[in-house]
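The lines below spell out each chain.
There are 2 protein chains.
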Amino acid sequence: MKIAIVGCGVVGSSWSLVFARAGHDVAIYDRTLPAAEAALAFVSQADPAFAARCRLATDLADVLNGAEYVQESAPERLPIKQALYREMDALLSPTTIVASSTSGFPASQFTEGLKNAARCLVAHPINPPHLIPLVELIPAPWTAPETVNVTRELMRTLGQSPITLTREINGFVVNRLQSALLGEAFRLVEDGICTPAEVDAAVADGLGLRWCFMGPFATIDLNAANGVGEYCANLGPMYYGLAKEQADPREWSPNLVSSIESKMRAAVPPADLPTRRKWRDAFLAAIVAAKRDITGKLGA
Amino acid sequence: MKIAIVGCGVVGSSWSLVFARAGHDVAIYDRTLPAAEAALAFVSQADPAFAARCRLATDLADVLNGAEYVQESAPERLPIKQALYREMDALLSPTTIVASSTSGFPASQFTEGLKNAARCLVAHPINPPHLIPLVELIPAPWTAPETVNVTRELMRTLGQSPITLTREINGFVVNRLQSALLGEAFRLVEDGICTPAEVDAAVADGLGLRWCFMGPFATIDLNAANGVGEYCANLGPMYYGLAKEQADPREWSPNLVSSIESKMRAAVPPADLPTRRKWRDAFLAAIVAAKRDITGKLGA
Numbered sequence: 001m002k003i004a005i006v007g008c009g010v011v012g013s014s015w016s017l018v019f020a021r022a023g024h025d026v027a028i029y030d031r032t033l034p035a036a037e038a039a040l041a042f043v044s045q046a047d048p049a050f051a052a053r054c055r056l057a058t059d060l061a062d063v064l065n066g067a068e069y070v071q072e073s074a075p076e077r078l079p080i081k082q083a084l085y086r087e088m089d090a091l092l093s094p095t096t097i098v099a100s101s102t103s104g105f106p107a108s109q110f111t112e113g114l115k116n117a118a119r120c121l122v123a124h125p126i127n128p129p130h131l132i133p134l135v136e137l138i139p140a141p142w143t144a145p146e147t148v149n150v151t152r153e154l155m156r157t158l159g160q161s162p163i164t165l166t167r168e169i170n171g172f173v174v175n176r177l178q179s180a181l182l183g184e185a186f187r188l189v190e191d192g193i194c195t196p197a198e199v200d201a202a203v204a205d206g207l208g209l210r211w212c213f214m215g216p217f218a219t220i221d222l223n224a225a226n227g228v229g230e231y232c233a234n235l236g237p238m239y240y241g242l243a244k245e246q247a248d249p250r251e252w253s254p255n256l257v258s259s260i261e262s263k264m265r266a267a268v269p270p271a272d273l274p275t276r277r278k279w280r281d282a283f284l285a286a287i288v289a290a291k292r293d294i295t296g297k298l299g300a
Numbered sequence: 001m002k003i004a005i006v007g008c009g010v011v012g013s014s015w016s017l018v019f020a021r022a023g024h025d026v027a028i029y030d031r032t033l034p035a036a037e038a039a040l041a042f043v044s045q046a047d048p049a050f051a052a053r054c055r056l057a058t059d060l061a062d063v064l065n066g067a068e069y070v071q072e073s074a075p076e077r078l079p080i081k082q083a084l085y086r087e088m089d090a091l092l093s094p095t096t097i098v099a100s101s102t103s104g105f106p107a108s109q110f111t112e113g114l115k116n117a118a119r120c121l122v123a124h125p126i127n128p129p130h131l132i133p134l135v136e137l138i139p140a141p142w143t144a145p146e147t148v149n150v151t152r153e154l155m156r157t158l159g160q161s162p163i164t165l166t167r168e169i170n171g172f173v174v175n176r177l178q179s180a181l182l183g184e185a186f187r188l189v190e191d192g193i194c195t196p197a198e199v200d201a202a203v204a205d206g207l208g209l210r211w212c213f214m215g216p217f218a219t220i221d222l223n224a225a226n227g228v229g230e231y232c233a234n235l236g237p238m239y240y241g242l243a244k245e246q247a248d249p250r251e252w253s254p255n256l257v258s259s260i261e262s263k264m265r266a267a268v269p270p271a272d273l274p275t276r277r278k279w280r281d282a283f284l285a286a287i288v289a290a291k292r293d294i295t296g297k298l299g300a
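Chains B and H, in that order, give the protein sequences. Following UniProt numbering, the numbering of the first sequence begins with 1 at its first residue and continues without gaps. Following UniProt numbering, the numbering of the second sequence begins with 1 at its first residue and continues without gaps.
In short, the hints are calculated from the structure, not lab data. Don't take each hint at face value.
Stated by the list, open to error - Capping the alpha-carbon separation at 27 Å, the derived lysine-lysine pairs in BS3-like fashion look like this:
no., chain 1, residue 1, chain 2, residue 2
1, B, LYS2, B, LYS115
2, H, LYS2, H, LYS115
3, H, LYS297, B, LYS278
4, H, LYS297, B, LYS297
5, H, LYS278, H, LYS263
6, B, LYS263, B, LYS278
7, H, LYS297, B, LYS263
8, B, LYS297, H, LYS278
9, B, LYS244, H, LYS244
10, H, LYS263, B, LYS297
Said to hold, decoys possible - Far from chain H, some chain B residues (derived; all Cβ distances over 10 Å):
no., residue
11, ASP25
12, PRO79
13, GLU112
14, PRO145
Please read all numbers here as calculations on a predicted model, not as lab measurements. Even for Gly, the Cβ is constructed at its ideal location relative to N, Cα and C.
Can you make the complete structure from the sequences, with help from the hints?
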């Protein structure tokens, strides 16, 4: 397929690699040429053969010219998205699908009234999409079902793992799940139960070891002899009791954040953050590769 | 050290392996001899050399005789724990530490008034402890600091990853974190946003891939250029908005559970559950081994 990448930050660069790796022709565009060049260099670094399928577009009209699917990863500010979608609306062919990488804005906030609105939706990845397969698709009320279906199939052929929300909802699914976990993480630290490092250990050395290959439902389904129904019958009341204790939404206070920040910076000094991010990316790539190997041997 | 295993279900069997694997002498006891024999067979299956360090005890007095540390994994019913701790109290040496594997009962509920109460605490693993390192230590109000310190050091020498709660709290840390995630998972399904399988994908193909080697704080700390303080300044208001939406504790209704159960059983029929559990254990063992290898190469 002919793919257009519009917006080349970290997310757009990673998307460029995802599409080129899967054999698509990728046109790359950013308002600033160096950003587009950096995206191309990122693809080339992964494999020059992938970069051979990419071209740098000269302007928005050029990148959209002939494009069958557009992955938009412009800056996460609503006025920018709104202006960009109005500008694209005048240039799009009547069959092109436009998916936004936005994590925060439902498509209804920047596609209302556009003549191509039925072919616009959100396709929100977890950064970086070339390593993390999950993509959540969120249609606006006016997104055509066919738009969702085509995008979902495209994501599958890319090797991504698409989920489809039935409607727009604040935070979509991924950030809502993360919000729930973070809320309790901050609560435990604020209440002096344990340190941030200990919360992290509870996940990284505990819960996360199952969650990286089974979700929360699959996990509890196998934790009772007869499955999730039995699990809920046994433990539902306990979890309801905890849920009531956890139903006090709290702002993350400056003092609390500052205390956490100082502990994190003691562990990873400011100057070491870039190195630590490289460590994270390398670890993530290795874990994803290991999971793929294990899935090949044991099945999914 | 001389270790006593009291109670030999799945958890006690796995603990037997943890201690024997680390070179300790392990006495194994269960009210029913076949359960103790099964635990020994489980250790032997891992490595006969480990089993050579284990012995089957004939009764409670025998298993506690000379024990420096007791890991209790009796059935998860409070009257059973209370009776067992009273019985042990008459038999313990004045230096033995007794740690309970309980996931649900703080030690204050079954050690109050015991003469050895200062050396009792909870050491709650995530099942199975021979694969999952996390152990949460929860002292009762009367647990001696030295008891906590010795247990934490022991856990470290075993290769486990101990965290220490400052006080007793419902659900401890692990189940509180799981509760938060499950609450939102059930909410998303109940509200018709997506299916249980899609929630599972959001975690297993998304969030969980980072959480298996970085906890929630380490994750957000690296998701802003200058660390967690900047992340919270940028996204705190968004998360507070989500937290307010998530502050409606819900019972898991029979209809909801039944709908989830039927979807899970369509994916894994009842007869396939035992096989699926073997798959989980094999996958978990392989992921943990892969993570160990990656940590060896890239650091923790």
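Outcome of the hint check:
1. For the proposed pair B:LYS2 and B:LYS115, the alpha carbon gap of about 21 Å is at most 27 Å, so the pair holds.
2. As the CA atoms of H:LYS2 and H:LYS115 are separated by approximately 21 Å, the hinted pair is consistent with the 27 Å bound.
3. Distance check on the hinted pair: H:LYS297 and B:LYS278 sit about 14 Å apart at the alpha-carbon level, within 27 Å; holds.
4. In summary, the hint linking H:LYS297 to B:LYS297 is supported, as the alpha carbons are separated by about 23 Å, within the 27 Å threshold.
5. As the CA atoms of H:LYS278 and H:LYS263 are separated by approximately 21 Å, the hinted pair is consistent with the 27 Å bound.
6. Among the hinted pairs, B:LYS263 with B:LYS278 is consistent with the structure: their alpha-carbon atoms are about 21 Å apart, no more than 27 Å.
7. A threshold of 27 Å between alpha carbons decides the hint, and for H:LYS297 with B:LYS263 the separation of about 26 Å falls inside it, so the pair holds.
8. Restraint check: the Cα-Cα separation between B:LYS297 and H:LYS278 comes to about 14 Å, which is no more than 27 Å; the hinted pair holds.
9. Distance restraint check for B:LYS244 and H:LYS244: the Cα-Cα separation of roughly 13 Å lies within the 27 Å cut-off, and the hinted pair is therefore satisfied.
10. With a C-alpha separation of about 26 Å, the suggested pairing of H:LYS263 with B:LYS297 holds against the 27 Å cut-off.
11. Once the 10 Å rule is applied to beta carbons, B:ASP25 is consistent with being away from chain H; the minimum gap is 26 Å.
12. Every CB of chain H lies more than 10 Å from the CB of B:PRO79, the least distance being 17 Å, so the non-interface label holds.
13. For B:GLU112, the condition that its CB be more than 10 Å from all CB atoms of chain H holds, with the nearest at approximately 21 Å.
14. Distance check on B:PRO145: its Cβ is at least 16 Å (rounded) from any Cβ of chain H, clearing the 10 Å threshold; non-interface status holds.
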